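Residue numbers (the numbering used here), protein chains in the order written: chain R, 1 to 594; chain P, 1 to 600.
Careful: at least some of the hints might be erroneous.
[As the list claims (entries may be wrong)] Quick list of in silico lysine-lysine cross-link-like pairs, DSS-like style, CA-CA up to 25 Å:
(1) Lys-577(R) with Lys-555(P)
(2) Lys-144(P) with Lys-233(R)
(3) Lys-120(R) with Lys-449(R)
(4) Lys-526(P) with Lys-555(R)
(5) Lys-449(R) with Lys-526(R)
(6) Lys-109(R) with Lys-120(R)
(7) Lys-233(R) with Lys-580(P)
(8) Lys-6(P) with Lys-120(P)
(9) Lys-577(R) with Lys-580(P)
No lab work stands behind these hints, which were simulated from the structure alone. These figures come from a predicted structure and were not determined experimentally.
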Amino acid sequence: MSNSTTDKAVDSDLLRRLYQFIRPYRWYVLLGIALTLSAAFMGTVRPKLTQIAVDEYIRNKDFQGLLWIVLLLIGALVGEFLLLVANTYLTRWFGQGTLFNLRNAVFKKIQSLHVQFFDKNPIGRLITRTTSDIEALSDLLSDGVVNIIGDMFRIFFILYFMFSMSWELSLVAISVLPILFYATFVFKAKVRVSFLNVRDQISRLNSFVQEHINGMGIVQLFNKEEREREKFKDINAAHRDAYIETIFYFAIFWPLVEIIASLAMALVIWYGGGRALMGQVTFGILLAFIQYVRDFFRPIQGLSEKFNTLQSALASSERIFNVLDTENEITDPAEPEKIGEVKGEIEFENVWFSYNKEETVLRDVSFKAEPGKTIAFVGATGAGKSTIINLLLRYYDIDEGSIKIDGKDIRDLTLSELRSNFALVLQDNALFSGSIMENITLGNPNISKEEVIATSREIGADAFINKLPNGYNYELSERGQSISMGQRQLICFIRAMVYDPNILILDEATSSVDSETEETVNKAFKKLMEGRTSIVIAHRLSTIQGADKILVMHKGEIRERGTHQQLIGKEEGIYRKLYELQYKDELLPTVKSE
Amino acid sequence: MGSLQKLNQYFKKYKGTIILGSLFLTASNFFLIWIPVYLRRTVDEVSNINVEESPDSFDSIIEVLFNSSASWVLAKNALLLVGAVLLSGFLLFATRQTLIVASRKIEFDLRNDIFDKLLKLPQRFYSNYDSGEVYVRATEDVSKVREYFGPAYMYTINTLTRMGFIITMMIIVSPELTMWALLPLPFLSAFAYWVSGYINDYSRIIQEQYSTIAGRAKESFSSIRLIKAYNREAYEMQRFEDESESYRKKKLRLDLVESLFHPTLNLLIGLSVVIVVWKAGQLVIEGQLTVGNILEFIVYVAYLTWPVASLGYTVNRFQQSMASWKRIDQVLTEDVKIEDQAHTDQQIDHINGTIEFNDVSFKYPGAEEYALNDVNLKVEAGQNAAIVGRTGSGKTTLIELVPRLFDVTEGEILIDGQNIESIPLQLLRESIGLVPQDTFLFSDTIGENIAFGTTNATQEEIEEAAEKAQVRDNILEFDKKFETILGERGITLSGGQKQRTAIARALIRDPKIIILDDSLSAVDTKTEEAILQHLRKELKGRTTLMISHRISTIKDADIIYYLEDGTVVEQGTHEELLEKEGRYSVMYNKQLIEQELAEI
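Generate coordinates for the entire structure from the input sequences, incorporating the hints supplied.
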């Protein structure tokens, strides 16, 4: 079972919850921070070393000393390189690990949720939660946190070295920072607004293009080429102008940063030059300061970038945690009863059900299926046939009444035990991408290859499978599009048979099966039902004429019951009309044009 | 290279701006190199002035900075440095405002040209290409080509001029030191080229794996019932986890290269600086250079690194721009066939509306099988013809041939006895009001969507058309009435409202021929009956082709064609066809039973 922590404090800090996923890596995070610290030191110590080189050795004409300091510089350089590589990879590594765990947790959670959750949330949204929302955390987890700390270390070390050489000159040098902060602040605000505009214009332009590619036929039919050209020009111009506005801000900002940095250099050289004249500041210090001033700007810019990353990551993590917090509405009972292998008696007693409060889908439905017998449901689309399946497998819980298997209420059993008694053959979505073998066993290790082959021989599907390239290892494309409808159905039949349950639920395919496989399918169908309690939702009435009982559903109620012979005899009966409807269709001579 | 020449044509219009921008950039780099020069001068001049050591007090520093023989030297150099940096900065601003702005303007032209082409391309083109692919060419590819005109061009000029100036200055100071300092830079360029190429290729692989993950999630979530029924959650989880793991691994491989990138740049740049300190240090000790030169060189190297690294990146960008341009060029050179041709008879200026198909066969471009086979039919002007048949029998294909969305493969279509290929295309389409099956409406106001059918429609005309199509009352219920915006950013109409809006769009043209492709399928039979009753008045006097699945809609037609597998298999009036007791009568009887069932 899932190890979902039953934390009631849903509103607890998002970061703390994110930390739960980082926790397994916490020692690596600490290691990363240690590496960052060392790298920051080695990166910032180099100007200090050049100061020593100039003041101690070059001035004193000490070749030997210069060589030593150069070796030290190279050591620091290579050391920083190694630390940076190790650290970047390490943070990426645990970042990807965290994302991996998070992604799997979200998938697992969604998959475990009740079916109604899938009705309410479009598949596209669920995919977004498992993919792009997780991806949005990537920047934060793999670069963000450690780099923010790294940038702060760098700033700290630079200040430390500067102040240790000359506090006065340091103050002079950093006096330009308020201008930088202010400029950055104004720029970020302006650019934010104008980027929003750009984004708007891009999506306007793109959706216009998209729409017109799709609707080009209409444009041409209505002779609207000229007008649409003009319209596009306007949108295109707005798009261009939006960009030109951001170009303006960048055109001001980047040179401005350069100017501010140079201003700091000018101040250093002017004030430092004066101090140097007084013999209080050495040339080495000037040299080091010029380098520090340039280095100082990068981490400050970096920090302001990281802040945006953090914000968008938090927005995504909120959506992710919303999914993880979703309550499962269909759960196992607290004290489940054991049922073991069932005989297969199914009973619906006065069942009422609605998917949403407004519309009742089943009204007072009662029926009983004896073990080993076949019971068929027929009716027009929307009559409530498929709902019977949904309730029997407990995809949804009923509003009133009860559903029993071998006399036990299905709500008293665990979901997995209940469902293990059924084999389900659905009309759609029944196949996955993967080999035929995988599609039959669904990865169940208890089903041997021999069993599968024997079963498919039994129902006569072996021949067609062997004809496919690679036979049972033939890779199906998504939903099995690469083989015919009838063949797909046969594979689903084999699957149901190898699982060998006592109750079979079969939602017959709506689309007609190709004539080549039809006979095989019909035979297989009979084999499948042998000795099992079978619930069949029939679309082609010809297949269920032999059913022990036929229930005619109409507008949520069971309106007629009986065998085929009994029902067909009712003059104004629904079954009879349905039968006529299909009979008419089958009468149609199929003309094959050559 | 003809293709590249064609691309460079787009530069032409902005030649002046681009030359000016290049000059700005060159000048900006020219002033930039004065910054290290003034740094050096300050240091050198300060070391030549010998002032006796003075006590460390605030007063004396003021004295030195503002009121001594040296203060002029210090101030002059600092001010000149600020002056140079201001000039350089301003010119850089001017560069971006010219070069990058020009690239956006070129992009604008390019986009217009492509869209223009899209408007001209026939439906044959659209059925041949995947619409997603056309979309990418008209959007993403253009953005990539823009980089060629903008950043790629700017960085190239920047790298060339800056390297030119700086290396010249460096050589003037010391050719030997220059050689040493530049040593790591070619590696920098090559490395940047390699990494940006690797990132590009590998990102594609990662993107694919990302799609695989999304695909797995999609498959599992959409088959959730089956998975639950067979208790296969754990298995599905494992499969997802495997893909997720493969994604992690692939991502980490890219991460490895990326984690090499910045540190390596850092290493190579740092190496340049260390070499300068070492070699220049020796030269200073030997008395050939000054300490100021060391400072100067360190700054030179700092100024060179980014342009040199960007060189590798730029080459890569250039290659991608070219790949995108090739794809765009393919669209631009695609030939436009359905337009009027030599045998178009420009004398024809009027259409009455008699439609005749003579042994028409049609095959979609690239298709193996014929969608239509020897179709013969004739609808007199003003007649009402219905086309019925199962899905896929060729009904829609048939009506699409009339306004020449496609041209016939064999046979001919005549209107008023003239082959439609000799009727001017503009006139032909003007005379037809088609309401397509998918009722495509644009994300625009409802009024604009209706007015789409004609030019300069007045509000009265729009409302009148809406009234005729029985959608006016619905529209007036919206807050903004005819100004209501549809689509993504607006409201969604119901299927029936959409269809009726599309009918209004066709009616406003006042066409001689009207074609309805299952145009009332989204409303129930009763509503349809009511709408049709009104509509019939409007359709009187026009030739009408109507596809429908409902007998009630078509039973009054002058002639009914039953299509099967692209061929007309039954034809006649409702009564005649019922007497035949063929496919049409089976279809009729089925609908009768369905109706009865619904009423139980």
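Are the Cα positions of Lys-6(P) and Lys-120(P) separated by 25 Å at most?
holds (20 Å)
Are the Cα atoms of Lys-577(R) and Lys-580(P) separated by 25 Å or less?
Holds - the C-alpha atoms of Lys-580(P) and Lys-577(R) are around 23 Å apart, at most 25 Å.
Tell me if the straight-line CA distance from Lys-120(R) to Lys-449(R) falls inside 25 Å.
violated (39 Å)
Is the Cα-Cα distance between Lys-233(R) and Lys-580(P) 25 Å or less?
violated (57 Å)
Hint consistency between Lys-144(P) and Lys-233(R) [alpha-carbon to alpha-carbon, up to 25 Å]
Cα-Cα ~20 Å, so holds.
Is it true that the CA of Lys-449(R) sits at most 25 Å from the CA of Lys-526(R)?
Roughly 23 Å separates the two Cα atoms, so the pair holds.
Keeping to a limit of 25 Å between CA atoms, is the pair of Lys-109(R) and Lys-120(R) held or broken?
holds (16 Å)
Take the C-alpha atoms of Lys-526(P) and Lys-555(R), compute the straight-line distance between them, and say whether it is at most 25 Å.
holds (20 Å)
Pair hint Lys-577(R) and Lys-555(P), alpha-carbon separation not exceeding 25 Å:
holds (23 Å)
The structure fails hints 3 and 7 (numbered hints given earlier, in ascending order).
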